[in-house]
Structure formats: structure tokens, C-alpha cells
Amino acid sequence: MTTSNRLTVIHESPAYWRVLIDNPPINLWDPTMFAEMNVLMDDIENDADLKIIVFESTNEDFFVNHHDLANREVPDHPGAKPFSYWPTFVTRLAQSSVLSVAKVRGRARAQGFEFALACDIRFASRERAAFALVEVAGASVPGGGGVEWVSALAGRSRALEVVLGADDFDADTAERYGFINRSIPDSELDAFVDAFAQRIARFEKRALELGKKMVNARAGVPSEADLWTSNHVLAAVNEWPEGAAALTKLNAAGFGQVGEFELNLGQRMGNLPSA
Amino acid sequence: MTTSNRLTVIHESPAYWRVLIDNPPINLWDPTMFAEMNVLMDDIENDADLKIIVFESTNEDFFVNHHDLANREVPDHPGAKPFSYWPTFVTRLAQSSVLSVAKVRGRARAQGFEFALACDIRFASRERAAFALVEVAGASVPGGGGVEWVSALAGRSRALEVVLGADDFDADTAERYGFINRSIPDSELDAFVDAFAQRIARFEKRALELGKKMVNARAGVPSEADLWTSNHVLAAVNEWPEGAAALTKLNAAGFGQVGEFELNLGQRMGNLPSA
Amino acid sequence: MTTSNRLTVIHESPAYWRVLIDNPPINLWDPTMFAEMNVLMDDIENDADLKIIVFESTNEDFFVNHHDLANREVPDHPGAKPFSYWPTFVTRLAQSSVLSVAKVRGRARAQGFEFALACDIRFASRERAAFALVEVAGASVPGGGGVEWVSALAGRSRALEVVLGADDFDADTAERYGFINRSIPDSELDAFVDAFAQRIARFEKRALELGKKMVNARAGVPSEADLWTSNHVLAAVNEWPEGAAALTKLNAAGFGQVGEFELNLGQRMGNLPSA
Chain A
305 MTTSNRLTVI HESPAYWRVL IDNPPINLWD PTMFAEMNVL MDDIENDADL
355 KIIVFESTNE DFFVNHHDLA NREVPDHPGA KPFSYWPTFV TRLAQSSVLS
405 VAKVRGRARA QGFEFALACD IRFASRERAA FALVEVAGAS VPGGGGVEWV
455 SALAGRSRAL EVVLGADDFD ADTAERYGFI NRSIPDSELD AFVDAFAQRI
505 ARFEKRALEL GKKMVNARAG VPSEADLWTS NHVLAAVNEW PEGAAALTKL
555 NAAGFGQVGE FELNLGQRMG NLPSA
Chain B
305 MTTSNRLTVI HESPAYWRVL IDNPPINLWD PTMFAEMNVL MDDIENDADL
355 KIIVFESTNE DFFVNHHDLA NREVPDHPGA KPFSYWPTFV TRLAQSSVLS
405 VAKVRGRARA QGFEFALACD IRFASRERAA FALVEVAGAS VPGGGGVEWV
455 SALAGRSRAL EVVLGADDFD ADTAERYGFI NRSIPDSELD AFVDAFAQRI
505 ARFEKRALEL GKKMVNARAG VPSEADLWTS NHVLAAVNEW PEGAAALTKL
555 NAAGFGQVGE FELNLGQRMG NLPSA
Chain C
305 MTTSNRLTVI HESPAYWRVL IDNPPINLWD PTMFAEMNVL MDDIENDADL
355 KIIVFESTNE DFFVNHHDLA NREVPDHPGA KPFSYWPTFV TRLAQSSVLS
405 VAKVRGRARA QGFEFALACD IRFASRERAA FALVEVAGAS VPGGGGVEWV
455 SALAGRSRAL EVVLGADDFD ADTAERYGFI NRSIPDSELD AFVDAFAQRI
505 ARFEKRALEL GKKMVNARAG VPSEADLWTS NHVLAAVNEW PEGAAALTKL
555 NAAGFGQVGE FELNLGQRMG NLPSA
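Chains as they are written, first to last, in this note's numbering: chain A, 305 to 579; chain B, 305 to 579; chain C, 305 to 579.
There could be a bad hint or two in this list.
[Claimed, not checked] Below, a sample of chain C positions facing chain B; criterion: calculated Cβ distance under 7 Å: (1) L373; (2) D424; (3) I425; (4) G482; (5) R503; (6) A505; (7) E508; (8) L512; (9) L551.
[To be verified] Taking lysine-lysine pairs in the DSBU-like style, the calculated list, with each CA pair at most 35 Å apart, reads: (10) A/K509 / A/K385; (11) B/K385 / A/K385; (12) C/K509 / B/K553; (13) C/K517 / A/K517; (14) C/K517 / B/K517; (15) A/K517 / B/K517; (16) A/K517 / C/K385; (17) A/K553 / B/K517; (18) B/K385 / B/K509; (19) A/K385 / B/K517; (20) C/K509 / C/K385; (21) C/K385 / A/K509; (22) A/K553 / A/K385; (23) A/K385 / A/K517; (24) A/K553 / B/K509; (25) C/K517 / B/K385; (26) C/K385 / C/K517; (27) C/K517 / B/K553; (28) C/K553 / C/K385; (29) B/K385 / B/K553; (30) B/K517 / B/K385.
[Unchecked claim] Which residues of chain C face chain A? A few of them, derived with a C-beta cut under 7 Å, are: (31) A443; (32) R460; (33) L464.
What the hints contain is simulated information worked out from the structure, not anything from laboratory work.
Just so you know, even glycine gets a beta-carbon here, dropped at the ideal spot from N, CA and C.
Next up, chain A with everything else stripped away, as it sits in the complex (with noise of 0.2 Å):
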């Protein structure tokens, strides 16, 4: 077991890793989480025997969150790497031999949704899992892949309800859009997922490495270009004048803040006062 700071590494075996995030009390996404990953991909590229990580959260309301708005440095920390390095990060993370698996259960929003449509495949907590991209709703636009991921996965009406619409989708309605593998209750997850893991644990690694390359190819991952043109425009984005409204009235109604709030984002966000 390897412990860092937001990042828990258990190895179940030497081909399957399972990584619990945990950044209390709400599981903001942070620059030392980001350094963290920056980390373990780095173990995950220089690993002989890793075959499967599955990513999940200790917070069963929060798989991982939004940004931690308040929280931008880049740290003095393993990893660190300035947040226009992210659609790097995903590259990797999608090109790896590794297969990834995020078994969400609680909400991934922003960030964290985009975080859960970087890894190769998405399980979900039928009763606890909800997915948002809650950028328009904040004068904003989703930058670090929101956008590809859904539109390739979902088509483009779902895309634009899912995009321009910034509210959340529980995991049966995420599944039949197809941004999501599977809805699974929520007692039946760990056990569906674990089961999963073993099983492509026992194959072997060449077939498994080759058979991703084979699917990447054929069914598309978003090109690094195209995802910096989204993390360029955001960083254009976070000029705007409507944004800066937008996250004064949403930090005095208790964004990103342990509460009633956070709970119910989609929702609320779509019901901010009037300036």
C-alpha cells in the first residue's frame, strides 16, 4: 500500500491496483491531487505487471469533485505540473497498456466527471452516482475534455442537453445516453467491479495492451490537440466578466463548501439570484 496525500495505492495484486481519492470533506479536485496523479501515472507507465486500476472514492457522496476554486498554486510537490498540463495527463492515461476504471459512486462533477471520462471505462452506483458538467451554469465552459468525451460517447443532442443544460444525471439516465459502461445498484458495485478486475487480471498483458490499441484506434480517443484547444479556451474563458459575477454569487451560496449546497449543484446552480 502506498499512501500520499489525496491518493491511496492498494495492491490487490501485482496486475491490479485499486486507488482511493480522498481530499476531505468534499473531494475537490486540487493542484496537489493533480501532482499526485502526475505521480502514479508515472508508476503506472514503469510498471512490467500492472494490467487493471480501478479508481474510486473514500467519500460516498463525492467521487471527485469539481476544482477547489480557492486552491490554483501549483504546489512544491511530487508531480506538480501547471493545470494546462492536463490534456497530457489524459493522453497518457488513455494510451497507457493499463486499462482504467472509475467506479464512481457519489457525484462527479466538472473536474472530477472529466476526471471519470479520462479512464477507459465508467461503472456506476445506481442509487449514489451523479454526473455534471456545471461550467455553463457558471458563465463558463467546460475546458478539460468534457466536451470531446461526451459528444464521442453520447452524440450530439445529449451532448448539447448534457453541456449548454449543466445540471446532473443520475447513472440509468447517464447509461442510456452512453457516457457511463453501466448502472449497477450500489450493493452490487464493489463486487461487480472487483469481479471485472480479476477476471482481466488473469488475462495476458500483451493481448490485453494490444486489444486497447486496436479499440483507440478504430473508435477514437480525443486528440491532445483538441483537448488543449479546450484547455486554452477555458483559460480564455476565465477572463470573462460573466465569470467572475457568476463565482461571487456562487461562493456566498456555498460553492464548494461542505453543505446543502454542494449536495444538490446541479440543481442549484441552475437557481442562482438574479444579479
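Using the hints, position chains B and C against chain A.
Then chains B and C, alone, in the frame of chain A:
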């Protein structure tokens, strides 16, 4: 409220318009309706405040029906254009900064289905909506985007079933096949769509516009060139003798007329008497 | 009625043929079956009246099974071709003016699933159909179009689950994932498919042919070049020592033989004894 001949535009707010479509008795698509749609498209593009537009029918049996084949002359009416201008209209709607929603209650067939597909999002009544591209059953092919949109949203095998089978699809099947966003119980449809539209209307126009552009860039809009090609194919197909023979039988059976034949068009066009 | 060794062609009408597939005891795909398929493909292309062809199995447990690995010699049989000719066969079927339907009752695995995917449309028995690309579990990869078709129909994340997981998928899951058109209760399957075929058979051949060409142009058919690439990849993979070791274990466990192992192949191939 703006009323023309076929369309009534209700300004729910500066950001949210509803358009009632009404061409009694069976909501056939005709050159006057297209002319009014072109005028509306100008209004949409020229309005700085509009964010979302919802299209719905006043006729609970028909959302928008197929072409009125007995009425194909370009009228002396503002906005009038030959039907060959259709790919331009569709492209303007898809590229508009305004989000368009088809609230489908009743049948959407042929041109009427293609109009619904040209809207960004489709929400449909579980009990009352039906969708069909009936052209092949009439010895023709869809020429207004039906092939393009259904192929993109539902994939090749389901598109072949829709286009070659030429039958009615209910809302639940349409949702499973992915060519509508959601099938919604009829009693909840109005409230659902209104809440969605009110939500969109509260967001910043600049974020909505950029979000739609980003999805369009990644998820693909059928090119105007592709739509022109299908349109021209249809013009050639309209010269086939098989089509003229089919039309004679269709007209004798009740095509384009009030009655049971139109209500059950998918089923009935699959069982026309032999020549 | 035309009977050869593996295939029986029933001419329901000049426009509608049914093909019964029968290679007892477990419907393995073998070089003789492929030879007969090639002869049938010539007949399909040379017939001016044929509009729709339905493939079904006489074996309720197996639609079409994986390759008969003990029987790989090209036989002295009309239509015989080396397996490397498979991409050409698939491309001819996809580009044919005739609509092809796989009516899937029983298991469709590996080559048998890839044959079903090569058909234009798949309707499957809810209770009796199962689909699997088991190759990765045997230290190989799918080389006959499975990666191409499942990626196109189900998207990257579900394709990765199908290809790398190498497990059985029931018809309801296959429908949700989008790689079959519909899951239909077994008691209704025959009537549903027959009604669909009779309907298609009543339409004009010219309209059906053009409609299919238009969908092919927009929805994409895997290129013959891509299929050749996968085919060649598989030829190289067949030299891997991991595959030979897996095959020894598989044969000892009951692979390709009548019995429980083949009935539960997805589950059993995920639990082979360690080397």
C-alpha cells in the same frame, strides 16, 4: 405574441420563445410553413437576447407531418424559398447561437421528422410521439437530413432499420436508438421542457453560445454539402416511375388526408395493395 | 430450397430468402462454412429480385460459434478461400444492395459474433442470445471486424469492456450497448423478423438499394483496409507463445467440444487454471 399563417411565436421571456406549429387538419409541411420558418430563422439570428426556442404543435396527433405533395409551389409569401434551400435552413439552425428544442407530441414523419432532427434537442411524449422516415415505402428516399442525422445519432444498423424499414418508431424505441434525447410521460412533458428552457434562459448567452460551438466542433453537424447531396438525390429520385406509381396508390388510400390511413401511416404504407 | 453442406437457403419469395446455418454439434465456423458463404454471396449479388436475406441457426444453443481451430485447411469445395479473404466477404455483404439480417438465437462468439456484426441488422432472442469476443481470454485479439464494428456501434468505453473483458453479453445488454438493433422475447422473435422481412420485400428494390447506399455513406462501414489490418494483426498474434499455451489449456478444458465448457465459454475462459 407574433402570429403568421402557420406559426405562432410566444415570447415567454426575451430569452425563451415557444413556437406553435399549426397547419390544420394534419399539420402537413408545405411551402408556406417553410417560408414562415425562414422568416423566423431571420428573427432568431437577429435577436440579441434569445437563448432557447421550443417548437411544438397545436395538433396532438401530429407534431409535423410529411410534405403536402399537392401543394409544392413556392408561394408569394415573405421568406418563401424553393425547397432546395432546406439544407441552408438546417445549417443555420444547427449553427445558431440559440438552442433549439423539438417538443414532440404526435407523429413526426418524413419532412416533419427531419425538421425535428434539425433541432438541437428532441424531447418526446412517451404515449403520443411517433417517428418515421416513410420515404422508402413510397419508392423514394429521405432527402432532408434524415439519413445524415439518424446515422450519426443511432449508428449504421439502426439507421438501416429506420430508413429501409420506413416504419413508425415510438418514443421509447427512439430513446433507446438514440435519435431523441428522452421519452417522457405525456403528462410530464410540458413541465419538463418548460423547466429545461427556463433553466437555459437563466444562463449567460456567451457561455451557451460557446458551449454549443464546442459541441458542434466535436460531435459533428452534417455538412451543408452532404445535405445538398441528399437533397439533389431526392430531386432525381422524384423522377422515378416507381415513385409515381406509389403515389397514385398512396393518394387512393388516404395519403395526406384526414383519417385512419394517416394516423397509422407507418403500418399502412407497408401494406399497400400490389400494382 | 437449396441445400449444401452447412447452409440451407429457403426462398420464402423471390425477394426474401432465409439461410439456415447448421454445422453440428455446436455450429463451429469452419472453412467449409466459409466456402459456402462465398458461394451464397455470389448468388446474392447475381440475383435481380432479392431484397432481404435472414441468417438463422438450426441449433438453439449456438447461432454461429468461434472457429473450429482443429480444422483450418482450405477444403476442395466450391467457393473455398483462405480465411485472409474474410475482409472481402464482409465488405461485399455490407455493400450489397440486399439487406442482411442476423436473427440471433443462441451464442454468437468470436468469428460467429463477427459474422453477426457483418450483417446489416441484428435482432436477438432476449432469453437465448449471447455475444462474446473471447479472443483476449485466449491470449489473442479479435481479427475479423469485431473491434471495428463494436467500436463504431457501442463507442470506445463499451468496446474496451467487450474486447478486453472477453465475456458473454446477453441480448438486453447488447441492445443497451448498441451493438444489436433489438432484444426481443424469444417467443416473438420469429414473427417479428418475418414481418420485418416481408415488409422490406414489398418495397421497391431501387429505393432500398439507394437508401442503404446513403446510410453506408453517412454512417460508415469499416474500410476493407482496416479489416485487412486487423486480419493481419491476428495472423501475427497467432504466433505468440502465450496463445499456444492458452490453447493447450482451452483444449484440455473442453474448448470446441460438446459440453458445459462451450455453453458457458465467457465465464469459463475467464477462470482457466494457472499455467
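Hints, verified against the model:
1. L373: violated, 29 Å
2. D424: holds, 5 Å
3. I425: holds, 5 Å
4. G482: Hint holds; C/G482 Cβ to chain B Cβ min 6 Å, cut 7 Å.
5. R503: holds, 4 Å
6. A505: Constraint on C/A505 not satisfied, violated at 10 Å.
7. E508: holds, 4 Å
8. L512: Given a least distance of 6 Å, the restraint on C/L512 holds.
9. L551: Since the shortest Cβ distance to chain B is 33 Å, the answer is violated.
10. A/K509 / A/K385: Measuring from Cα to Cα gives roughly 30 Å; hence the hint holds.
11. B/K385 / A/K385: Distance of about 56 Å is beyond 35 Å: violated.
12. C/K509 / B/K553: holds, 17 Å
13. C/K517 / A/K517: holds, 30 Å
14. C/K517 / B/K517: Cα-Cα ~30 Å, so holds.
15. A/K517 / B/K517: holds, 30 Å
16. A/K517 / C/K385: holds, 29 Å
17. A/K553 / B/K517: OK: A/K553 and B/K517 at ~26 Å, within 35 Å.
18. B/K385 / B/K509: The hint holds at about 30 Å.
19. A/K385 / B/K517: holds, 29 Å
20. C/K509 / C/K385: At roughly 30 Å apart (the allowed maximum being 35 Å), C/K385 and C/K509 satisfy the hint.
21. C/K385 / A/K509: The hint holds at about 33 Å.
22. A/K553 / A/K385: Given pair A/K553, A/K385 holds - Cα atoms ~30 Å apart, limit 35 Å.
23. A/K385 / A/K517: Holds. A/K385 to A/K517 sits at ~27 Å (cutoff 35 Å).
24. A/K553 / B/K509: holds, 18 Å
25. C/K517 / B/K385: Given that 35 Å is the threshold and the Cα spacing comes to 29 Å, the pair holds.
26. C/K385 / C/K517: holds, 27 Å
27. C/K517 / B/K553: Distance ~26 Å between C/K517 and B/K553 Cα, so the pair holds.
28. C/K553 / C/K385: holds, 30 Å
29. B/K385 / B/K553: holds, 30 Å
30. B/K517 / B/K385: holds, 27 Å
31. A443: This hint holds: C/A443 lies near chain A, its Cβ roughly 4 Å from the closest one there, short of 7 Å.
32. R460: The hint holds - C/R460 has a Cβ within 7 Å of chain A, the shortest such distance being about 4 Å.
33. L464: OK, holds: C/L464 within 7 Å of chain A, min 5 Å.
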